[in-house]
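Trainee: One letter stands for each residue in the lines below.
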Amino acid sequence: MNLITLHEFKGGIHPPENKEQSTSLPISTMKLPEKLVLPIAQHIGAQSKPVVNVGDSVLKGEIIAQAQGFVSANLHAPSSGTITAIEDRVIAHPSGMSDICIEITLDGKDTWTEIQGIDNYLEADASELIAKIQASGITGLGGAGFPTHVKASVDESKIDTLIINAAECEPYITADDMLMREHANAVIKGIEIIERIVKPKHCLIGVEDNKPQAIAALNEALKNFTDNTFNIQVVAIPTKYPSGGEKQLIEILSGKEVPAGGLPSDIGILCQNVGTCFAIYKAISKGEPLISRITTVTGEACRQPQNFEVLLGTPVKDLLSATHTQLEQVNRLIMGGPMMGFTLEDTNTPVVKSTNCIIASSKQELPDPAMEQACIRCGMCTEACPAQLLPQQLYWFSKSSNLEQATAHNIADCIECGACAYVCPSNIPLVQYYRHTKGEIKQANADKLKSDRAKERFEARLARQEREAAEKEAKRKARAEAAAKKQAEKKATEAIAPATSADAPAADLELLQKKLDAAQSAVKKAKEKIAAAEEAGDSDKVALLKGALAKSQEKMKEAAKAIAEAKKAAKAAPATTGAAAVEMTPERMQNKVDLAESRLATAKKRLEEAQANNSEQVDALNTAVEKQQARVAEAKQALAEFLKQESAAPSVDLDALKQKVLAAQTRVDKAQERLDMAKQQELDTVSALQTGLEKQQSKLKEAQDALAEASK
Amino acid sequence: MTVILIAVAALVVLSLIFGAVLGFAAVRFKVEGNPIVEQIDALLPQTQCGQCSYPGCRPYAEAIAENDEKINKCPPGGEGTIAAIADLLGVEPEPLDAEHGTEKESAMVAVIREDECIGCTKCIQACPVDAILGAAKQMHTVIADECTGCDLCLDPCPVDCIDMVPVDTGLQSWHWQKPANLIATDKGQAA
Chain A
75 MNLITLHEFK GGIHPPENKE QSTSLPISTM KLPEKLVLPI AQHIGAQSKP VVNVGDSVLK
135 GEIIAQAQGF VSANLHAPSS GTITAIEDRV IAHPSGMSDI CIEITLDGKD TWTEIQGIDN
195 YLEADASELI AKIQASGITG LGGAGFPTHV KASVDESKID TLIINAAECE PYITADDMLM
255 REHANAVIKG IEIIERIVKP KHCLIGVEDN KPQAIAALNE ALKNFTDNTF NIQVVAIPTK
315 YPSGGEKQLI EILSGKEVPA GGLPSDIGIL CQNVGTCFAI YKAISKGEPL ISRITTVTGE
375 ACRQPQNFEV LLGTPVKDLL SATHTQLEQV NRLIMGGPMM GFTLEDTNTP VVKSTNCIIA
435 SSKQELPDPA MEQACIRCGM CTEACPAQLL PQQLYWFSKS SNLEQATAHN IADCIECGAC
495 AYVCPSNIPL VQYYRHTKGE IKQANADKLK SDRAKERFEA RLARQEREAA EKEAKRKARA
555 EAAAKKQAEK KATEAIAPAT SADAPAADLE LLQKKLDAAQ SAVKKAKEKI AAAEEAGDSD
615 KVALLKGALA KSQEKMKEAA KAIAEAKKAA KAAPATTGAA AVEMTPERMQ NKVDLAESRL
675 ATAKKRLEEA QANNSEQVDA LNTAVEKQQA RVAEAKQALA EFLKQESAAP SVDLDALKQK
735 VLAAQTRVDK AQERLDMAKQ QELDTVSALQ TGLEKQQSKL KEAQDALAEA SK
Chain B
295 MTVILIAVAA LVVLSLIFGA VLGFAAVRFK VEGNPIVEQI DALLPQTQCG QCSYPGCRPY
355 AEAIAENDEK INKCPPGGEG TIAAIADLLG VEPEPLDAEH GTEKESAMVA VIREDECIGC
415 TKCIQACPVD AILGAAKQMH TVIADECTGC DLCLDPCPVD CIDMVPVDTG LQSWHWQKPA
475 NLIATDKGQA A
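Sequences listed follow chains A and B, in order.
Just so we're on the same page, our numbering is the position in the first sequence counted from 1, plus 74.
Just so we're on the same page, our numbering is the position in the second sequence counted from 1, plus 294.
Don't take every hint at face value.
Stretches of chain B that chain A covers, calculated by requiring three or more beta carbons in the stretch to come under 8 Å of a beta carbon on chain A [claimed, not checked]:
1. 330 to 342
2. 414 to 426
3. 460 to 471
Don't read these hints as lab results, they were simulated from the structure.
C-beta atoms are modelled at their ideal positions from N, C-alpha and C, and glycine is treated no differently.
Can you make the complete structure from the sequences, with help from the hints?
Mentor: Right, here's the structure in full:
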């Protein structure tokens with residue numbers, strides 16, 4: 075019957091199908107629940123954003139959460155009612171975690187908002203159709219929940235074959251089977267719409283041969299319902315799990331393998347789920363957004379297993395009660411199939427876009443996983459693997475967290491079908507290991523990315539700091555250079571007009587005097603202390619203080635010496651400069667003599683006192699007295715000599731006198747000038763200036779006289 | 295005699311040629327720097343936290359490579375990093391040196407309580423990866439995606455308005471747990 079050659083994928087298993095239980099009854103519609111809970115993230119990609127507020131009333135089909143970006147999907151109100159909460163609720167996720175959900179309390183009227191399909195959709199533009207699909211919030215209903223408009227936006231020239239995935243290989247699930255049986259016409263129309271969009275050469279509907287009624291219904295629809303201008307063909311494929319995996323189905327129907335890490339479009343194929351085709355048909359022809367789906371409710375605990383057309387957001391417990399499920403019998407409540415689904419902890423979990431099956435299994439039906447035993451390296455997993463990986467190797471690498479090797483052994487290509495774990499005689503939960511490792515790898519990659527970025531930022535920061543430091547250094551250097559230049563300029567000007575600073579030695583002298591005073595007071599204090607210590611009889615302290623005293627005395631001596639030297643230097647300085655020479659006058663000489671005499675007197679007095687007290691200082695004072703006597707004699711001699719010189723030859727410097735005359739002359743001139751000015755302006759200072767001028771003139775005269783006398 | 299001379303000459307010529315080739319190769323294919331430093335640096339977590347007492351991850355990597363520094367001084371990297379470096383260098387992994395800190399349960403991120411921030415810019419200067427944004431007398435904030443959770447901004451803050459909080463591990467970063475490593479023969483012990 076098949077006109078194409080079928081290929082076979084390697085591996086795969088044949089678990090008990092358990093499909094007949096839920097196909098005996100037709101798809102029925104649930105009665106409206108009280109409340110619907112809609113998670114805003116029901117698809118792969120960016121979370122959509124709620125566009126309603128608590129208290130808003132919404133109509134059926136109204137948008138309640140807007141897609142964010144291209145890879146995202148809208149969410150619509152599945153029935154009319156009021157928004158009663160937007161908060162975290164338990165969602166359908168293997169983690170059992172919560173996420174933001176929109177709760178709608180239904181009014182029971184189920185009133186539609188205004189909806190509009192596309193007339194003549196088979197002549198419509200692809201972009202128009204894609205826009206409608208996007209607006210309707212359609213995602214892949216097979217399980218992954220990838221937004222359909224993204225998939226449909228593929229470059230049409232690349233697509234050669236459209237494959238409709240109706241294999242439904244997982245046990246228990248019959249949602250697609252029942253859909254094809256009951257809505258074959260709509261499914262075919264949906265396929266035609268996709269063909270209109272991507273324009274493939276032909277289309278293959280892959281159905282496992284355990285669904286003869288579905289195959290018949292599709293063929294019937296193709297024969298009677300359309301003229302089949304789109305070249306659609308139903309292909310029955312052998313029943314084997316996981317032939318419904320996208321890559322496996324493509325391999326069966328085309329013999330081509332999707333490259334690792336690639337997409338089916340890389341080999342000219344687009345794959346869509348049959349349920350998605352039905353949703354597309356409803357969206358395009360009637361304008362109905364994706365607000366419901368067909369879900370199988372089955373399992374041994376169900377008294378009446380069947381398929382329902384369920385509004386999204388319906389709590390699982392409503393489905394269980396609709397099938398008269400014996401809750402006490404339920405051992406594990408599974409969302410999805412027994413191979414790839416996950417256990418639900420909470421019956422309040424809502425049905426979402428990708429919920430194809432609910433299994434309320436009894437203990438006998440799906441017993442708790444047996445205890446893991448050691449791997450015996452039997453290799454059965456390798457035979458079962460449909461992706462032709464090495465599950466055993468991956469198991470070892472996963473167990474030892476050897477992410478590098480796991481990646482090298484293509485763990486990313488694992489489709490997590492569970493065939494390996496199903497055949498494992500040691501009951502090793504292999505898929506769980508792989509899922510964990512995949513998560514670890516993802517985490518490690520994210521961490522690596524982050525650490526690389528941190529490193530980059532750190533290095534950029536270091537570079538910036540270095541640059542800033544260099545700039546600062548350059549600025550500092552520039553400033554220093556400018557300062558040096560200024561200094562040099564200043565020096566140059568100083569060299570032109572050198573300032574004789576005679577006060578420097580004076581300042582030094584002052585400083586030294588201070589030092590000497592300090593040293594003297596220190597000596598005094600030390601002596602006092604010694605006396606006190608002696609009185610107290612503290613010999614240790616005395617010795618210590620004596621040492622200190624010696625030091626202080628040393629300092630004092632040094633200071634005295636320094637002062638003497640400084641004084642000598644100061645005396646020498648005038649001698650060399652000449653200009654500031656101290657004039658030796660008889661008065662000064664006389665002063666000196668007087669000073670020396672008074673000193674001699676005090677010295678003598680002290681000596682007498684010392685002799686009276688019988689002090690040790692007598693000798694020292696004797697020498698001091700002698701010295702003073704010598705000094706007095708010296709001073710007297712100097713005075714006598716000076717007076718002799720003066721009387722003998724008044725050696726007055728002619729030059730000095732001449733200068734004096736000149737200076738007096740200029741002063742007289744200046745005074746004359748000022749007087750003239752004052753006279754001109756008739757100021758009242760005239761008389762004062764007049765006397766000033768006269769004084770200057772008399773001084774000039776004196777000087778001239780002195781000069782005349784000297785030159786004689 | 296000539297035979298010996300020819301042989302010697304031939305060997306001398308050969309050795310000159312090979313020497314020239316080797317010399318050229320040594321210059322042409324010279325490896326800049328110490329490649330092991332790069333490799334160690336790649337294994338470090340790049341938090342630049344300085345808990346190892348080196349001013350950043352790279353200096354620590356250099357110390358390990360060149361000064362035989364111990365490999366167990368990186369608390370943010372923890373046992374994983376120690377094992378990786380031990381593997382790379384072919385040495386025995388050692389337990390984390392508690393003196394430099396302990397491994398944190400989860401990744402942390404700094405959060406500034408913004409109404410308490412006085413805008414002193416001290417944390418900005420302390421951040422090794424420039425992950426804090428702000429200006430003098432303006433409120434500062436942490437770019438959470440760039441924060442390495444190094445704690446270096448906590449001490450300089452004069453008003454203690456920075457908290458270290460665990461990175462939000464939401465659904466996006468959730469992944470399956472490793473199955474409990476329990477095999478049937480362990481059953482008795484586990485119970």
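Trainee: All the hints need checking, so say for each whether the structure fits it.
Mentor: Going down the list of hints, with the structure as the test:
{"no.": "1", "hint": "330 to 342", "result": "holds (count 6)"}
{"no.": "2", "hint": "414 to 426", "result": "holds (count 4)"}
{"no.": "3", "hint": "460 to 471", "result": "holds (count 7)"}
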